[in-house]
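Residue numbers (this note's numbering), protein chains in the order written: chain F, 1 to 353; chain B, 1001 to 1353; chain C, 2001 to 2353; chain S, 3001 to 3353.
Because the hints were derived from the structure by calculation, they are not lab data.
Do not rely on the hints blindly, as some may be mistaken.
Computed cross-link-like contacts, DSS-like style, restricted to lysine-lysine with a CA-CA straight-line distance of at most 30 Å [unchecked claim]:
| # | chain 1 | residue 1 | chain 2 | residue 2 |
| --- | --- | --- | --- | --- |
| 1 | F | LYS110 | F | LYS131 |
| 2 | F | LYS292 | B | LYS1292 |
| 3 | S | LYS3004 | C | LYS2292 |
| 4 | F | LYS213 | B | LYS1292 |
| 5 | S | LYS3292 | C | LYS2116 |
| 6 | F | LYS174 | B | LYS1050 |
| 7 | F | LYS278 | B | LYS1213 |
| 8 | S | LYS3004 | S | LYS3169 |
| 9 | C | LYS2192 | S | LYS3292 |
| 10 | S | LYS3116 | S | LYS3056 |
| 11 | C | LYS2192 | C | LYS2257 |
| 12 | C | LYS2050 | F | LYS192 |
| 13 | B | LYS1050 | S | LYS3257 |
| 14 | B | LYS1192 | C | LYS2292 |
| 15 | F | LYS4 | F | LYS56 |
| 16 | S | LYS3257 | S | LYS3131 |
| 17 | F | LYS50 | C | LYS2213 |
| 18 | F | LYS174 | B | LYS1116 |
| 19 | F | LYS213 | B | LYS1130 |
| 20 | C | LYS2213 | S | LYS3257 |
| 21 | S | LYS3278 | F | LYS50 |
| 22 | F | LYS56 | S | LYS3292 |
| 23 | C | LYS2145 | C | LYS2169 |
| 24 | F | LYS174 | F | LYS231 |
| 25 | C | LYS2292 | C | LYS2110 |
| 26 | B | LYS1192 | S | LYS3146 |
| 27 | S | LYS3257 | S | LYS3292 |
| 28 | B | LYS1116 | B | LYS1130 |
Residue-level listing of the chains:
4 protein chains.
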Amino acid sequence: MNTKKVAIVGASGYSGEVLVQLLLNHPYADLVAVTSRQNAGQTLAQIFPKFASHPKSKTLRFVEPNAELLAKQAEVVFLALPHGVAAEFAVPLLNAGCTVIDLSADFRLKSAEIYKEFYAHDHPAPELLKKSVYGLPEVYREDIKKSLLIASPGCYPTSILLPLIPLLKARLIKPNGIIADSLSGVSGAGRKAEIDYLFCECNESVRPYGVPKHRHLSEIEEQLSFAAGTKVTMQFTPHLIPVNRGILTTLYLAPEKHFATADEANALGQQIAACYAKAYANEPFVRVLEGKALPDTKNVVGTNVCEIAWRLDPRTGRLIVMSAEDNVVKGASGQAVQSLNILSGWPETAGLV
Amino acid sequence: MNTKKVAIVGASGYSGEVLVQLLLNHPYADLVAVTSRQNAGQTLAQIFPKFASHPKSKTLRFVEPNAELLAKQAEVVFLALPHGVAAEFAVPLLNAGCTVIDLSADFRLKSAEIYKEFYAHDHPAPELLKKSVYGLPEVYREDIKKSLLIASPGCYPTSILLPLIPLLKARLIKPNGIIADSLSGVSGAGRKAEIDYLFCECNESVRPYGVPKHRHLSEIEEQLSFAAGTKVTMQFTPHLIPVNRGILTTLYLAPEKHFATADEANALGQQIAACYAKAYANEPFVRVLEGKALPDTKNVVGTNVCEIAWRLDPRTGRLIVMSAEDNVVKGASGQAVQSLNILSGWPETAGLV
Amino acid sequence: MNTKKVAIVGASGYSGEVLVQLLLNHPYADLVAVTSRQNAGQTLAQIFPKFASHPKSKTLRFVEPNAELLAKQAEVVFLALPHGVAAEFAVPLLNAGCTVIDLSADFRLKSAEIYKEFYAHDHPAPELLKKSVYGLPEVYREDIKKSLLIASPGCYPTSILLPLIPLLKARLIKPNGIIADSLSGVSGAGRKAEIDYLFCECNESVRPYGVPKHRHLSEIEEQLSFAAGTKVTMQFTPHLIPVNRGILTTLYLAPEKHFATADEANALGQQIAACYAKAYANEPFVRVLEGKALPDTKNVVGTNVCEIAWRLDPRTGRLIVMSAEDNVVKGASGQAVQSLNILSGWPETAGLV
Amino acid sequence: MNTKKVAIVGASGYSGEVLVQLLLNHPYADLVAVTSRQNAGQTLAQIFPKFASHPKSKTLRFVEPNAELLAKQAEVVFLALPHGVAAEFAVPLLNAGCTVIDLSADFRLKSAEIYKEFYAHDHPAPELLKKSVYGLPEVYREDIKKSLLIASPGCYPTSILLPLIPLLKARLIKPNGIIADSLSGVSGAGRKAEIDYLFCECNESVRPYGVPKHRHLSEIEEQLSFAAGTKVTMQFTPHLIPVNRGILTTLYLAPEKHFATADEANALGQQIAACYAKAYANEPFVRVLEGKALPDTKNVVGTNVCEIAWRLDPRTGRLIVMSAEDNVVKGASGQAVQSLNILSGWPETAGLV
């Protein structure tokens, strides 16, 4: 198998850390550079003691981010930077011929207007929005193969889109009235020195936030609209819960077909099962649960897997779908490596579990 | 102020423990007996070291439960027993003239049929269902004053009913299509030796359960139906999260009045604010949050307070209401003591914070 | 009972928050002022939603710290400030006739040289070191009654001194070779926006720090030396563990009397039991455990109690003593209120559990 | 590389689960059988959803334990059973020609008398004690290569022996007076339905237990005695802390050489550094930390690495050594696989990180 030289810009946050872990141990990727303003000069082993057993951790040092230099060293560059900043880095890298896999929100939307509405500043490089591919492999695998700019999806969006897109495409649920209630571990807030995310502020606490218009709604609704073929506006409530990693999403949906009896529920259930089987039976990283099993974040943390289960409620006529993922793996860095595997022609599961 | 002799049957679970704590420190209640099969013969201090500073903890010993004896010792008896068992205890106590405050589900429903549907056995004392009062003081205060049998509400129901009842009574929301997404700390599962509730099974885990027909739906729907004046069927999804105590509920509601603009949202918002102010401005244990504040379980754990906040979303036309409470205080033992205060003619906040 | 007007300087950290809680609910203290640079202008209810049910929380607002003004308002001022800063505040308050209860390290030592050795700067007010009283009520109760400047002990020192001082005074253990291994909850690090204390950095982590010369050694060794009548140098290793509150200390001690048989252990055990009984049988906030019970932080968190248990090991000839306390109650704010009660002539347990 | 067929007896506890994980993903081991009384008939995927992505998880089913059958299927059998039970299983397996890697305490001691003293029953197969090898690869690598019965070390012993054995062998520390203060995550208690290990009993709690004579002392002291060439009796205090995995041990040691000045500490420090470098510089799974770094369980959880750091304290003349490991990996299942690798002639790091 051919190998590729890769680099990570902004490698000292939680997503960056998982990228380092995955790429250090990847069978075909060769991690050649990691950047970090605050850690420049230090080795990977010094900043991430848990990777100290890897030989490269003692020799690879963080450097100041410099797009020109990176473009000479690496064929693929991962950006784990705040939105706004990422776009500024992407432009010179793309111009120099690098492939860019961006973990920020900068290239996830097709519409610069919606970007401005949700991120409160003009898009820094609107001309690139047309060229970028939304890096959800289960939906855009073919596009990812050919793209030079991958916009890796957000953590909440991944947990919401994977369960919803097949149902919308199959016209099994109504595109309006969708509700997503999500619970996220604290790593989702990033490695930032803020009082709100101190241990004592999060431990023994559960709280909603960003109600009712969280930024991730923009990319969720855009992708759902593509799937449904009509504009989707939905409800989304994120909550912070005291775990390091993991997102659990519960979706409240209205099936297109009315059902009220056990028989009707059975018939509809077979359609839903078939829809998910068609979409995901051969997907390595989506697991539709069977029998009485329900998703649990502890079954997916540390893996690139998204678990999905569903229940029909004949009392209310609703479909409840639940999903679980690791917000920094399938919800961020693992999914980005999955895209790397795809665009490099490697086995899609290389370096991932 | 007059005092009352009180007893607790089943005092070694989590609700029983909080009852012990509240009643030991109550200014007017005199805790005279505590029962527990497995701890019979031991003092309160031996079983609950954290109360060992209280003088009575060294002298009051757990005894085997015996309704006849208890009826001679106590005027009010709290039952912290599993459903089914509680009813069997209540009958002789009531016959002997005791007031019973039951924390189980046995007397919460008015309908023995619904009880059987949800609890899978015949109601052990259906004739008492008419005499019992649902012990939610904010709704049934006057009835509680006169009743000899208080059915103290469940933890999830309390967190759902307090935010919903005023809105339904005021006809501000539609009675159909209500969704309650709830997150509970592990104490809600009780002090039972089961693998599912071991530390390592719950820590770093989040999971839904009881989907889509949890037992608490029976009392929630019955109470909502009374408030709405029409039969209410709703969606309820409980989740287990790794905290000791606390319930956070997020409610998705459809206002009766359509709104889509900021102005319409403002107008409707004033009605909602007025509705809650009327219901709760003078309630000592319901706190409707103002400004940007959202509920957080850490602000209510250890107290008898239920926090409520709400947001209107002009994008979806929905009203989102969020509540937080301590599942073993306002959701169980604290609320039961609140009922004790009311029926005893004591200040409602006596012994509670 | 007479009342006293009290104020808190630096009331937005974890110790400050518990002081607010205890003083709001104190039967005799009247909290008249709270200061905080970053929260000036806001009410107690806004900053500490969990106290919002207390009527005063809506009217009492944080103000900028101003010693002159505070001295006019309050008779007793609590300082919950960093070391160095606290001393600067104490001087004008004392000059204005206030009693000062300082929770920092500034007045805990008698020696300005040792202060400089451990805190790396000259003591800001060395002349006050002679006037201050070390606010450990179980040892200095009589001095506290008469003092105008109380240096409330550190959290680790309290958990170490309470078990050790009676043994040293009774000459039951050797003053040399003492080892204290302590585990502290994260609130001990304060409410500071630092990466090291983020949820994801502390959760699922245990780590030693400050090895081998933590600052608290200075006051521990000074107090142990007073008790032993000879200079004590000891070993102390603090560890950070993922709980909000609580310190568990394990002490490794050499009894003066050699023992190797069960009989010798029995005889020595009776002396130790008698020593602790004499010291603590009548102390409201020290609980020497009996039988097989061992300390557990969950039994003391939220209370002003320090639990102590001990074991003799005939295999090694050592005495093991273990203690547990709430680091922000008995280890900080609760103990400071205990001193307030003593110097005010109130019952020592007023406002404390 | 040749492969080997392996089986696990007692695969549904926490150690068994990690063995399953490691062996499913091992490059040379072929997991052919897993036994479990309570889960017989179910697939790996049903019991451990987190391994459901592995193809074998859907086909490999738990069976009732049967030594005769296992001996026909597997060349190496791992026993993850309670002590006492393990020995009964080992005998027929050994007789049938299997290699046995036992994770229980049954074959760790050379003395059947000490076994009886600490485990309170006669050893079930004392004749095997001479044949077994204590499976600590860093010490007994050559013996492991040739043995048919590996007694894999306990979790606490591993965290204590790895730091101590090189120092004792080099006569750098006194063999008497050793103190080990250890903190363990809750998985160390096993997947047992006991009240003491419920989430609410462990969360927000820290507590010592088994003071002063924990069972693990027997194997620790025996191994230390071998290393020191003299009988070692030591102090050991385990504590339970609220993390899933991880052991942090702090050792208090007396260097043979007195030191009191910085120069003397420097000289001694060089000897200690040289001793550890000689012992561990080439060991893949022992990491002696440099500079200011101290062990942190979060840096080793999920890996087979034991981190070690040390400090000399010129104030007390003591050496403090701290270690961190994952109790179910290096402290149990990872170390057992390390032995498998050694005795199979595979790279020692195969399947381990």
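Verification of the supplied hints:
no. : hint                  : verdict
1   : F:LYS110 / F:LYS131   : holds, 9 Å
2   : F:LYS292 / B:LYS1292  : violated, 40 Å
3   : S:LYS3004 / C:LYS2292 : violated, 48 Å
4   : F:LYS213 / B:LYS1292  : holds, 13 Å
5   : S:LYS3292 / C:LYS2116 : holds, 23 Å
6   : F:LYS174 / B:LYS1050  : violated, 54 Å
7   : F:LYS278 / B:LYS1213  : holds, 28 Å
8   : S:LYS3004 / S:LYS3169 : violated, 35 Å
9   : C:LYS2192 / S:LYS3292 : holds, 22 Å
10  : S:LYS3116 / S:LYS3056 : violated, 41 Å
11  : C:LYS2192 / C:LYS2257 : violated, 46 Å
12  : C:LYS2050 / F:LYS192  : holds, 25 Å
13  : B:LYS1050 / S:LYS3257 : violated, 46 Å
14  : B:LYS1192 / C:LYS2292 : holds, 23 Å
15  : F:LYS4 / F:LYS56      : holds, 16 Å
16  : S:LYS3257 / S:LYS3131 : violated, 38 Å
17  : F:LYS50 / C:LYS2213   : holds, 26 Å
18  : F:LYS174 / B:LYS1116  : violated, 35 Å
19  : F:LYS213 / B:LYS1130  : violated, 46 Å
20  : C:LYS2213 / S:LYS3257 : holds, 21 Å
21  : S:LYS3278 / F:LYS50   : holds, 23 Å
22  : F:LYS56 / S:LYS3292   : holds, 21 Å
23  : C:LYS2145 / C:LYS2169 : holds, 22 Å
24  : F:LYS174 / F:LYS231   : holds, 12 Å
25  : C:LYS2292 / C:LYS2110 : violated, 39 Å
26  : B:LYS1192 / S:LYS3146 : violated, 47 Å
27  : S:LYS3257 / S:LYS3292 : holds, 24 Å
28  : B:LYS1116 / B:LYS1130 : holds, 16 Å
Checked against the numbered hints given earlier, the structure breaks hints 2, 3, 6, 8, 10, 11, 13, 16, 18, 19, 25, 26 and satisfies all the rest.
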